[in-house]
Amino acid sequence: MTATEQHIPTPDNNLNDQKPVGFGRMLRKEDPRLVRGAGQFVDDVQLPGMLHLAILRSPFAHAKIVSIDTSAAEAHPKVKAVVTGATLETLNLAWMPTLSNDVQAVLATDKVRFQHQEVAFVVAEDRYSARDALELIDVEYEPLDVVIDVRKALDADAPIIRDDLEGKDNNHCFDWEAGDKEACDAVFADADIVVSEDIVYPRVHPAPMETCGSIADMDKISGKLTLWCTTQAPHAHRTVYALVAGLPEHKIRIIAPDIGGGFGNKVPVYPGYVCSIVASIVTGKPVKWMEDRTENLVSTGFARDYVMRGEIAASKDGKIRAVRTYVLADHGAFNGTAAPLKYPAGFFGVFTGSYDIEAAYCDMDAVYTNKAPGGVAYACSFRITEAVYLIERMVDVLAYDLDMDPAELRLKNFIQPEQFPYESKTGWVYDSGDYEPTMRKAMDMIGYDELRKEQAEKRERGELMGIGISFFTEAVGAGPRKDMDILGLGMADGCELRIHPTGKAVVRLSVKTQGQGHETTFAQIVAEEIGIPPEDIDVVHGDTDNTPFGLGTYGSRSTPVSGAAAALVARKVKDKAQIIASGMLEVSVSDLEWSKGAFNVKGDPSKSVTIQDIAMKAHGAGDLPEGIEGGLEAQICYNPENLTYPFGAYICVVDVDPGTAEVKVRRFVAVDDCGTQINPMIIEGQVHGGLADGVGMALMEMISFDEDGNCLAGSLMDYLIPTAMEVPDWETGHTVTPSPHHPIGAKGIGESATVGSPPAVVNAVVDALKPYGIRHADMPLTPSRVWEAMQGNHQAPI
Amino acid sequence: MEISMNINGDDVTMEAEPRTLLVHFLRDHLGLTGTHWGCDTSNCGTCVVWVDEEPVKSCTHLAAMAGGHRVKTVEGLETADGLDPVQEGFIQCHGLQCGYCTPGMMMTARALLDKDPDPSEEVIREAISGQICRCTGYSTIIRSIQWAASKERETAVSLEGSPA
Numbered sequence: 001m002t003a004t005e006q007h008i009p010t011p012d013n014n015l016n017d018q019k020p021v022g023f024g025r026m027l028r029k030e031d032p033r034l035v036r037g038a039g040q041f042v043d044d045v046q047l048p049g050m051l052h053l054a055i056l057r058s059p060f061a062h063a064k065i066v067s068i069d070t071s072a073a074e075a076h077p078k079v080k081a082v083v084t085g086a087t088l089e090t091l092n093l094a095w096m097p098t099l100s101n102d103v104q105a106v107l108a109t110d111k112v113r114f115q116h117q118e119v120a121f122v123v124a125e126d127r128y129s130a131r132d133a134l135e136l137i138d139v140e141y142e143p144l145d146v147v148i149d150v151r152k153a154l155d156a157d158a159p160i161i162r163d164d165l166e167g168k169d170n171n172h173c174f175d176w177e178a179g180d181k182e183a184c185d186a187v188f189a190d191a192d193i194v195v196s197e198d199i200v201y202p203r204v205h206p207a208p209m210e211t212c213g214s215i216a217d218m219d220k221i222s223g224k225l226t227l228w229c230t231t232q233a234p235h236a237h238r239t240v241y242a243l244v245a246g247l248p249e250h251k252i253r254i255i256a257p258d259i260g261g262g263f264g265n266k267v268p269v270y271p272g273y274v275c276s277i278v279a280s281i282v283t284g285k286p287v288k289w290m291e292d293r294t295e296n297l298v299s300t301g302f303a304r305d306y307v308m309r310g311e312i313a314a315s316k317d318g319k320i321r322a323v324r325t326y327v328l329a330d331h332g333a334f335n336g337t338a339a340p341l342k343y344p345a346g347f348f349g350v351f352t353g354s355y356d357i358e359a360a361y362c363d364m365d366a367v368y369t370n371k372a373p374g375g376v377a378y379a380c381s382f383r384i385t386e387a388v389y390l391i392e393r394m395v396d397v398l399a400y401d402l403d404m405d406p407a408e409l410r411l412k413n414f415i416q417p418e419q420f421p422y423e424s425k426t427g428w429v430y431d432s433g434d435y436e437p438t439m440r441k442a443m444d445m446i447g448y449d450e451l452r453k454e455q456a457e458k459r460e461r462g463e464l465m466g467i468g469i470s471f472f473t474e475a476v477g478a479g480p481r482k483d484m485d486i487l488g489l490g491m492a493d494g495c496e497l498r499i500h501p502t503g504k505a506v507v508r509l510s511v512k513t514q515g516q517g518h519e520t521t522f523a524q525i526v527a528e529e530i531g532i533p534p535e536d537i538d539v540v541h542g543d544t545d546n547t548p549f550g551l552g553t554y555g556s557r558s559t560p561v562s563g564a565a566a567a568l569v570a571r572k573v574k575d576k577a578q579i580i581a582s583g584m585l586e587v588s589v590s591d592l593e594w595s596k597g598a599f600n601v602k603g604d605p606s607k608s609v610t611i612q613d614i615a616m617k618a619h620g621a622g623d624l625p626e627g628i629e630g631g632l633e634a635q636i637c638y639n640p641e642n643l644t645y646p647f648g649a650y651i652c653v654v655d656v657d658p659g660t661a662e663v664k665v666r667r668f669v670a671v672d673d674c675g676t677q678i679n680p681m682i683i684e685g686q687v688h689g690g691l692a693d694g695v696g697m698a699l700m701e702m703i704s705f706d707e708d709g710n711c712l713a714g715s716l717m718d719y720l721i722p723t724a725m726e727v728p729d730w731e732t733g734h735t736v737t738p739s740p741h742h743p744i745g746a747k748g749i750g751e752s753a754t755v756g757s758p759p760a761v762v763n764a765v766v767d768a769l770k771p772y773g774i775r776h777a778d779m780p781l782t783p784s785r786v787w788e789a790m791q792g793n794h795q796a797p798i
Numbered sequence: 799m800e801i802s803m804n805i806n807g808d809d810v811t812m813e814a815e816p817r818t819l820l821v822h823f824l825r826d827h828l829g830l831t832g833t834h835w836g837c838d839t840s841n842c843g844t845c846v847v848w849v850d851e852e853p854v855k856s857c858t859h860l861a862a863m864a865g866g867h868r869v870k871t872v873e874g875l876e877t878a879d880g881l882d883p884v885q886e887g888f889i890q891c892h893g894l895q896c897g898y899c900t901p902g903m904m905m906t907a908r909a910l911l912d913k914d915p916d917p918s919e920e921v922i923r924e925a926i927s928g929q930i931c932r933c934t935g936y937s938t939i940i941r942s943i944q945w946a947a948s949k950e951r952e953t954a955v956s957l958e959g960s961p962a
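Chains A and B supply the protein sequences, listed in that same order.
Here the numbering used here is used: position 93 in the first sequence is 93, and no number is missing along the way.
Just so we're on the same page, the numbering used here is the position in the second sequence counted from 1, plus 798.
Certain hints may be false.
[What the hints assert, rightly or not] Using 35 angstroms as the maximum straight-line C-alpha spacing, the simulated DSBU-like pairs for lysine-lysine come out as follows:
1) Lys-870/B to Lys-441/A
2) Lys-458/A to Lys-181/A
3) Lys-913/B to Lys-168/A
4) Lys-78/A to Lys-870/B
5) Lys-482/A to Lys-576/A
6) Lys-949/B to Lys-664/A
7) Lys-425/A to Lys-441/A
8) Lys-949/B to Lys-29/A
9) Lys-181/A to Lys-770/A
10) Lys-664/A to Lys-441/A
11) Lys-19/A to Lys-441/A
12) Lys-19/A to Lys-572/A
13) Lys-168/A to Lys-152/A
14) Lys-482/A to Lys-251/A
15) Lys-111/A to Lys-64/A
16) Lys-412/A to Lys-453/A
17) Lys-913/B to Lys-664/A
18) Lys-482/A to Lys-342/A
19) Lys-441/A to Lys-319/A
20) Lys-870/B to Lys-29/A
21) Lys-949/B to Lys-168/A
22) Lys-29/A to Lys-441/A
23) Lys-482/A to Lys-168/A
24) Lys-285/A to Lys-64/A
25) Lys-220/A to Lys-111/A
26) Lys-949/B to Lys-870/B
27) Lys-285/A to Lys-949/B
[Said to hold, decoys possible] Sample of chain A residues facing chain B (criterion: CB under 10 angstroms; computed from the structure):
28) Pro-20
29) Gly-24
30) Arg-28
31) Ala-38
32) Gln-40
33) Arg-127
34) Pro-208
35) Ile-259
36) Thr-294
37) Gly-517
38) Ala-692
39) Met-717
40) Ile-721
Treat the hints as calculated values from the structure; they're not laboratory data.
C-beta: ideal position from N, C-alpha, C; glycine also.
With the rest of the complex left out, here is chain A (with noise of 0.2 angstroms):
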């Protein structure tokens, strides 16, 4: 055991096993059907006569199409329909719109503009039978020039990818910008010092370990849709659906059963979705498709892919005052970033991260390349990854030219306590944070001065050891419905709370667990208000035919908006339950008290009536409070007042081999503040995956192409994801600083580690390598690009 705070279960303690009745370190109630392989994921549905849908992708980058024969797939015995792009732009579904209002082809019909874009469909009776059938399929192509580096995007010169755009002459998807430009370069003019440096996110997958994949059922009586899909936001998608395909909303139901995984990487709308409705549609038959490994990493969301220049003007004794960025933005061939509407940058105009500084300036060109759409996915917060990523990693070069330690530089530039609520410099109001004890426990659970201390006697033998600070805020739990909203839906959650004659209960959420615990976290929600134990609350999500509408589960948004739901909806069902007591124990409503799970008549706790008394009695014979309807339930829909600010310390320890130039990473030290916390072993978990997030994208991660656009990383043998060897035991603590306007205080947690275990990592990695003189290198930090780095050669990953 290394740390101070770890929680480890032993059969002697079972000490996660506390059954609360609210918050509190609880068993989850989703393992015992997981760990027996009960769970129900997308490819487990088998359905009576259903078929397999198999897609036929592009080899090219850019190519225009100059024939499709699909005859020879067609005469396969086992194949039912074959489907090209002039099928679907005959029926107006070749092109689907995306979360960013632009829109993206379904299957090409004019041109392919990214290597393994979808161009044709198989529908057979088994998959091996849909994949040989592909094969079948001759495509003539006649290829184009491509565009692959993002800063030669906007030449003249460059070929246009998006002519399906009226007057589109160029390959500028949008530009955005944030902050003060004039009082930014004012203070940048009369600052001490001012750092610079390029810096670039590659681009990364979510590579969740279910891929994606939908069975659609058409049900030609009814004219019903049943769509099992592994969608982290089923109601959303349902309205898309509607929209695309011009079915009636009520006619289409989504299911999200277990989901393996998600990361942001199963919020779009992907083509092959689509797909398998019109082949439900043109078959009368069930038909499932599921993509293979490749197909997930070449095709669906991508994550990051910014190039940014940061700079930072300062005072010569280490006072931050201003911040500048310009960044290049890689969405590739269609804007498919989901992402509020007018935010097209996400929440990027954080990056003034946790500092108290006078003045910010962002300006960004987003563009289009021959590469996969995406952008927001892989636990990013909208985008927090890139902006943590760049005032972390630039606050060290500032230290790196003030030599002065990076700790210190931080802990000299918080914003303070009683500061909050904050606006930042680029118009983010942060609503409560403390962050100096936050560091201070970091440090000390890693001993950060022994640490200081052994690197110098290292340094002096020539070893290689580099201690690296990352200090995050986030923004997540979007968002107020006053300015953020997707494809114009607002970003509230519904939820619904019904309480059963006998007290037991169900609560119904539009979010969707993808291993985040829902079902145990909300009925510990519920519990905490209402009294009633978790294990008699049933928790049902991820099918819209039974869930009120919402918004879903991706940046981190569960706990602040759908928490903030399922807490206020108890609020409300208790309310009642109230007036109903006091007809019960013959007292007004305002001579009750409320003990966990019961009211009791104020002074006289001997008279008094449980929850489950009054439910039985909302349901039962006999008069109620005049006024009062029989039942005990209720519905909300939960709009966030602002969103919350999560924070963190991390800190890691590298040991680089001076001979190999291999990274290992030591030690990290996580401590969270996610305000509130409901169940901690389930935080410790998120963190953890979070940090493992972290190393693989700051040592090994990267979705790289060659220079004619083919896709490098189409398997997870050349994507390379951290096992159990190149992470080590995790070192994780906490402070608490309660969200004001969030109804129980917590922020969300999700996210946190991915956002803020980078630039730990990499800031660790060039501390390392500071005997060599090198103040900053991009990732992925694998041992040939440090080996570069320290001959000198370091090159930017595009």
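Position chain B relative to chain A; hints supplied.
Positioned in the frame of chain A, the structure of chain B alone reads:
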């Protein structure tokens, strides 16, 4: 072709194409969907099952190769006495989140503990190094396996001490 094998103690015979992968044979032909599929290239290990007590990646193992052998899947871990200690350990130590890699991880863990009742952290890391989990960051998986090992050692001690 006709393929026969013993799966979780039951003899089964099923018609399948010679090219059928073991993972598809189990899932699509026999409905044993507890074994998952993740990568096709033997990298992720979510498809790990046992063939004659040895963990294999069923996505790169032909069903025909398992013909005549004993195959054990996650569905065979639980016995009449209840959950396998490995399954219990994963629940107690939060060794899973989405649950997709879990069956493969547990099959490897069970095989490890059958050979080494008290593996060190390093031995456990090595044993599961051919498998990927995107949710847990591995620490809780390692604790889960240690939990099971500890429980089995305690049970073994108490059995030794009990009257014959």
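List, from low to high, the hint numbers that the structure doesn't satisfy.
-> 1, 2, 3, 21, 27, 28 and 29
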